[in-house]
Amino acid sequence: MAAAPRSLGATLSASAYPLAVASAVFIIAVGLPSTDSDTYWQLAMGRWILDHHAFLRQDIFSSTVAGAHFGVGEWLGQIAFAGSFAAAGWAGVAVVRATLLALAAFFVVRLARRGGTPWWISLPLVVAALLVSKITWTDRPQLFTLALFPALLELLLSLPAGFSRRLLILPPLFIVWTNLHGGYLLGLAVVAIFAVQAVLTTGRRGLPLALTAIACVAVTFLNPAPLELAGAAREDFLNPPRFLTEFLPPDVVTPAGALFAAFVLLVIGSALLRGGSLLEAMLLAPLLYLAFTAQRQMLFFCFAATAFLGARLSGLVRSPRDFELPVPVRLPVALVLVIAALASALAAPTRPDERAYPAAALDTLRQDSGILLNEYDWGGYLIFNLPERSVFIDGRYVPYLGGVLADYRALVGLRPGWRDLLDKYKVSEVLLRPDRPLAVALREDGWRVRSSDADGRWIVLGRP
Amino acid sequence: MDRPGAPVTRKFSWSLPLLAGGIFGALSTFATVGDPDLFWHLAQGRQTVTQGLARVDAFSWSVNGLPVLTDQWLGQVIWYEGYAALGWNGIIVLRALLVAATVTLIVAAALMAQRRPIVALIAALPAITLTRFAWTERPQLMGLCCFAGLILLLRASSERPRVLMAVPALILVWANLHASFALGLAVAAIACGELWLRRPDARRLTLGVVALSIAVTLLTPSGISIWTSASGHFLSPPRVIQEEGVPDVTQPYGFVFAFVVLAVLVTAQLSRPTMLRDVALLLPVLFVSMTAARHTPFFAVASAPYLAAHAPAAIGAIAGRLPINVRLPAFPPRVPSLRVDLAMVLIAIVAVVGAGFFARGEPNLSPYPIGALSSLPPGPGVVNDYDWGGFLIWYAPATPVFIDGRLFPYTGDALRDYETVVSLGPTWRDVLARRGARALLLKPASPLAVRARDLRWPIVTESSSYVLFLVPNSR
Chain A
1 MAAAPRSLGA TLSASAYPLA VASAVFIIAV GLPSTDSDTY WQLAMGRWIL DHHAFLRQDI
61 FSSTVAGAHF GVGEWLGQIA FAGSFAAAGW AGVAVVRATL LALAAFFVVR LARRGGTPWW
121 ISLPLVVAAL LVSKITWTDR PQLFTLALFP ALLELLLSLP AGFSRRLLIL PPLFIVWTNL
181 HGGYLLGLAV VAIFAVQAVL TTGRRGLPLA LTAIACVAVT FLNPAPLELA GAAREDFLNP
241 PRFLTEFLPP DVVTPAGALF AAFVLLVIGS ALLRGGSLLE AMLLAPLLYL AFTAQRQMLF
301 FCFAATAFLG ARLSGLVRSP RDFELPVPVR LPVALVLVIA ALASALAAPT RPDERAYPAA
361 ALDTLRQDSG ILLNEYDWGG YLIFNLPERS VFIDGRYVPY LGGVLADYRA LVGLRPGWRD
421 LLDKYKVSEV LLRPDRPLAV ALREDGWRVR SSDADGRWIV LGRP
Chain B
465 MDRPGAPVTR KFSWSLPLLA GGIFGALSTF ATVGDPDLFW HLAQGRQTVT QGLARVDAFS
525 WSVNGLPVLT DQWLGQVIWY EGYAALGWNG IIVLRALLVA ATVTLIVAAA LMAQRRPIVA
585 LIAALPAITL TRFAWTERPQ LMGLCCFAGL ILLLRASSER PRVLMAVPAL ILVWANLHAS
645 FALGLAVAAI ACGELWLRRP DARRLTLGVV ALSIAVTLLT PSGISIWTSA SGHFLSPPRV
705 IQEEGVPDVT QPYGFVFAFV VLAVLVTAQL SRPTMLRDVA LLLPVLFVSM TAARHTPFFA
765 VASAPYLAAH APAAIGAIAG RLPINVRLPA FPPRVPSLRV DLAMVLIAIV AVVGAGFFAR
825 GEPNLSPYPI GALSSLPPGP GVVNDYDWGG FLIWYAPATP VFIDGRLFPY TGDALRDYET
885 VVSLGPTWRD VLARRGARAL LLKPASPLAV RARDLRWPIV TESSSYVLFL VPNSR
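Here the protein sequences come in this chain order: A and B.
Counting in our numbering, the first sequence runs from 1 upward without gaps.
Counting in our numbering, the second sequence runs from 465 upward without gaps.
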């Protein structure tokens, strides 16, 4: 017998709690200024695509790999951010970010509330999971994956056995996702896990999901460069670039790492005492391995864990009486928070936080036109703010693998052959942190200090 | 009541654990000696044996006379006595015995949880594999052996709480061997807490064991400060040291660690719920294991009995879902006689000691600047690479080191100065001058060596793996 359609009031009541948390997250996230260096080159690429109405398939930003082929897989994510920037400046970027994070929070709450988990168990889980994800709250296309992953999980967990019209949502979702960010591969893996589990446990009734999974794989080829994104994701998984902080393994003595460890301990500890399910094992084991590979992947395990932990912890920690806000209170509170969130968009920061960047060096750098050797972390910033100078390297890192990246590291780390490398690339000017061995050596060798930061964060040196 | 003349049925046999221990102990003799920290441990052991326990540094010129840790004094003495008795083969034999003991205890704990020998052995294999990365000639291996012994005791105490009475003695020895005793004490206390809740008749015993175990940790030359070295490692792991780095699953040891964690996760999901005791023994150790690469074997050791007991049920649950008919072999329980046990003890000891005697005794010195020893200027003033400090302490006693693997005595000014100099920080020349450096013994690719070569500083000797510079205008 088909379930009776829920009234609008019941739907709103059920969504009040997720809406309230999502609104709170929006208010927090929209007030944060942009800080990530990769935001800048993502914006620059999106701006180029919008301006030229074409995909940017070659590098045009660097002096070292100029003209080299470059992946275009995240084009839709890039133009989403660039479009918001064009429309409302940095405030537009903040609003897109906050919206995606609010979406993520909305679905994580729904995951944590599965099975009627009380708020005093689900809310700490949600807050902890979102705090783990904080390290990826950067204005990049990966935010789309942050929002779509819990949405996908919520959809899959709510599917009945056999055919459901909700299955039809999946292929279009993946058409969009595959053009937004490489994280769609994780989504595909999750759909495949659900499909295998459905076939194993329900036999033929799992076939619709299995066929949908195949359709999802097929539609991901509707991307200007599908295999490039998959190749990059594979490389990130098998050989994570450890020189980037977000690709370091989880460190449990840091706040985010400690929270991640708490999730791992909670999942294993509660499963030891209460057992779990085949689906949970099939889903969480690979996500835990993925989390172990790099810090930026921790959030997926934590998001997925909330879906199972809430119900299990409710069984382990019984409250004498479950306290929930009554509906007449819950709805107005959620509405007030939604209105507050909408209003908070007006207060979105209109400038990025540039304290980590050599903003004051730009004028000096504009006076020269030779080859500039820049700090890796500042490449994106320079691409966006100093388009007249090509960068040596930047956060895109993939085009620089297999040569330029190794040379860059040999140069700034003052490894044998560094002088030959300076000559090979015809470097005439460097923009580095003053404590880099290369900066120290060049100063001793008589390179001119063209500009420097009073707080010792950067220095510009020119050939004598 | 047993009837007179009824045959005695043995429930447990040490044959399989000893066989496994003997095999892996003998295999360990194929690994050459040469851990960078071995040499300073040996030097400290020799110093303790010949001159008494030193509480201040006598090996460096950067922290000479300043306090040093004495928390591993007994381990160092044992390693040195092994060396004094049989030379480098003594080190290999001692290491093989420790490996054999560790493996024996791991398999015994698994066998105690799973009476089918083959299943127990398979469940113990990941733990044995992961301990391979700790088969080093250092007191750390003794700590791992103690931990395996503790897990066996705690598992056995579930049915026989009086076994816990051995824990304080174990902690007393452990606290004098290696700082990992702190983990053992914490795990023992948590396990005692669980037993206190579950067995009212054992409450006095568990309280006494915990109190006594805490008290005996003070019976070390370090006194109360034994706790500072343990907590220092745990709360603030020095990530610059490779083994103190975060566990990395792209490395072989990290992959095995992840495999064990995932195996426990999947087993917990798919087998029947277990007692609070497993949670108490596994979760704290898992957290500690996630803090640093060197701690990963602890969780593997602690989880071996759990996997032995419950993994078959999880595998059965998965196999039951498969469309094909998978029939797992029954692997019936077997308990050999006492005679077999005794024979196995002899065979294991003979195999391990014999293999140790016939092993290649000389340490592998290829990573060290052996060719520079004759050119080293005596007395203070040589700035050496961190990795070579222990080697120099042992092989060049006339040339005190700037830094070495003991690390903690250097924390502060000396370590900061070392990092400034070798990474060519902006004040590197000032530091060299202030410290009175006369020579640099470095890896050729280090920034300081590259810079010194750029500046044409005199090279005394060099090879592809080291270079010895004289510092111009030094005193």
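Derived by calculation from the structure, the hints in this document are not laboratory data.
A portion of the hints provided could be inaccurate.
Away from chain B, derived, C-beta distances all over 10 Å, residues of chain A [unchecked claim]:
#1 Leu56
#2 Leu222
#3 Arg419
#4 Lys426
Examples of chain B residues lying across from chain A (beta carbon under 8 Å, computed) [as the list claims (entries may be wrong)]:
#5 Pro702
#6 Val704
#7 Pro716
#8 Ala722
#9 Ala732
#10 Pro737
#11 Met754
#12 Pro827
#13 Asn828
Anything over 10 Å on all C-beta distances counts as not near chain B; from chain A, calculated [unchecked claim]:
#14 Thr11
#15 Thr35
#16 Ala147
#17 Leu159
#18 Ala161
#19 Leu272
#20 Arg274
#21 Tyr289
#22 Ala347
#23 Gly402
#24 Arg415
#25 Ala441
The structure presented is a predicted model; accordingly, all values stated were derived computationally and were not measured.
Each residue gets a CB set at the ideal place from its N, CA and C atoms; glycine is no exception.
Results for each hint:
1. Leu56: Check passes; 31 Å lies beyond 10 Å.
2. Leu222: holds, 32 Å
3. Arg419: violated, 8 Å
4. Lys426: holds, 20 Å
5. Pro702: violated, 11 Å
6. Val704: Hint violated; valine 704 of chain B Cβ to chain A Cβ min 13 Å, cut 8 Å.
7. Pro716: violated, 14 Å
8. Ala722: Holds. Min distance 5 Å.
9. Ala732: holds, 4 Å
10. Pro737: holds, 5 Å
11. Met754: holds, 5 Å
12. Pro827: violated, 29 Å
13. Asn828: Status violated, d = 26 Å.
14. Thr11: Consistent with the label, threonine 11 of chain A stays out of reach of chain B, its closest Cβ about 33 Å off (over 10 Å).
15. Thr35: Given that every Cβ of chain B is farther than 10 Å from that of threonine 35 of chain A, nearest at about 24 Å, it holds.
16. Ala147: holds, 27 Å
17. Leu159: holds, 19 Å
18. Ala161: Alanine 161 of chain A clear of chain B: closest Cβ-Cβ about 15 Å, beyond 10 Å.
19. Leu272: Incorrect as stated: the minimum Cβ-Cβ distance to chain B is 5 Å, not above 10 Å.
20. Arg274: Given a closest Cβ separation of 6 Å, the condition is violated.
21. Tyr289: It is violated; tyrosine 289 of chain A is separated from chain B by about 6 Å at its closest Cβ, not greater than 10 Å.
22. Ala347: Its Cβ never comes within 10 Å of chain B, the nearest being 38 Å, so this holds.
23. Gly402: holds, 18 Å
24. Arg415: violated, 6 Å
25. Ala441: violated, 6 Å
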